[in-house]
Amino acid sequence: MNALTDLFTLDRIALDSPAANRAEAFAAVGELFSKQAGLEADAIVGFLNAREDLGSTALGAGVAIPHGRVKGLKHPIAAFLKLKEPIEFAAPDGEAVSILIFLLVPEKATQQHLEILSSIAQLLSDQETRKSLASEDSPEKVCQLLQTWGSV
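Numbered according to the numbering used here, the sequence shown spans residues 161 to 312.
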């Protein structure tokens with residue numbers, strides 16, 4: 161088991177999202193999360209934007225990890241969004257982003273937040289994993305890859 165095993169569920173995997181910019185991507189994932197977390201989609205978007213306003217969460221190589229601490233959230237949750245077309249995301253390498261892994265953690269989960277972000281960054285730093293995520297068209301396979309990544 162790894163830090164990502166319990167974070168991803170099939171209903172939080174969205175492939176070929178039509179989102180054409182950051183606002184649309186955040187709105188789409190706000191809806192995904194709101195159904196699961198019992199929070200308002202607008203509040204989730206606000207948490208994500210607040211973090212993004214501090215600096216881009218794009219890592220480069222076409223990937224980003226928008227994340228935020230959420231008051232009232234009981235446990236960490238994540239979502240995977242693959243876009244039909246890459247969007248501008250102020251990545252350090254200037255490359256547009258097409259794969260986003262969103263992470264929400266409870267407001268006080270500082271250490272856990274950092275550990276999960278580290279695991280996601282390691283996953284997205286692996287070129288073969290990025291290629292698999294970018295080319296996969298089955299939500300079930302994407303979910304399985306995310307849940308089992310790094311497991312022996």
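Hints may be right or wrong, so weigh each one.
List time: in silico DSSO-like cross-link candidates among lysine-lysine, alpha-carbon distance up to 27 Å [unchecked claim]:
hint: 1; residue 1: Lys291; residue 2: Lys244
hint: 2; residue 1: Lys242; residue 2: Lys301
hint: 3; residue 1: Lys244; residue 2: Lys301
hint: 4; residue 1: Lys301; residue 2: Lys231
hint: 5; residue 1: Lys231; residue 2: Lys291
hint: 6; residue 1: Lys244; residue 2: Lys234
hint: 7; residue 1: Lys242; residue 2: Lys291
hint: 8; residue 1: Lys244; residue 2: Lys268
hint: 9; residue 1: Lys234; residue 2: Lys291
hint: 10; residue 1: Lys268; residue 2: Lys195
hint: 11; residue 1: Lys268; residue 2: Lys301
hint: 12; residue 1: Lys195; residue 2: Lys231
hint: 13; residue 1: Lys244; residue 2: Lys195
Don't read these hints as lab results, they were simulated from the structure.
*Taken at face value, is the distance from the CA of lysine 291 to the CA of lysine 231 at most 27 Å?*
Answer violated: lysine 231 to lysine 291 is near 34 Å, above 27 Å.
*Under the criterion that the straight-line Cα-Cα distance not exceed 27 Å, is the pair lysine 244, lysine 301 satisfied?*
holds, 18 Å
*Would the pair lysine 268 and lysine 301 pass a check requiring their Cα atoms to be no farther apart than 27 Å?*
Measuring from Cα to Cα gives roughly 32 Å; hence the hint is violated.
*Between lysine 242 and lysine 291, is the straight-line Cα distance small enough, at 27 Å or below?*
holds, 12 Å
*Holds or violated: lysine 291 with lysine 244, Cα cutoff 27 Å?*
holds, 15 Å
*For the pair supplied as a hint, lysine 234 and lysine 291, is the alpha-carbon distance within the 27 Å limit?*
Given that 27 Å is the threshold and the Cα spacing comes to 33 Å, the pair is violated.
_Run the distance test for lysine 242 versus lysine 301: straight-line Cα separation, threshold 27 Å._
holds, 13 Å
*Holds or violated: lysine 244 to lysine 234, with C-alpha atoms at most 27 Å apart*: With Cα atoms ~32 Å apart, lysine 244 and lysine 234 exceed 27 Å; violated.
*With a cut-off of 27 Å on the C-alpha distance, tell me whether lysine 268 and lysine 195 pass.*
Holds: lysine 268 and lysine 195 sit about 22 Å apart, inside 27 Å.
*For the pair supplied as a hint, lysine 195 and lysine 231, confirm whether the alpha-carbon distance does not exceed 27 Å.*
At roughly 16 Å apart (the allowed maximum being 27 Å), lysine 231 and lysine 195 satisfy the hint.
*27 Å limit on alpha-carbon distance, applied to hinted pair lysine 301 and lysine 231*: Between lysine 301 and lysine 231 the Cα gap is close to 32 Å, so the pair fails against 27 Å, i.e. violated.
*Pair hint lysine 244 and lysine 268, alpha-carbon separation not exceeding 27 Å*: violated, 35 Å
Violated hints, listed in ascending order, are 4, 5, 6, 8, 9 and 11; each of the other numbered hints is respected by the structure.
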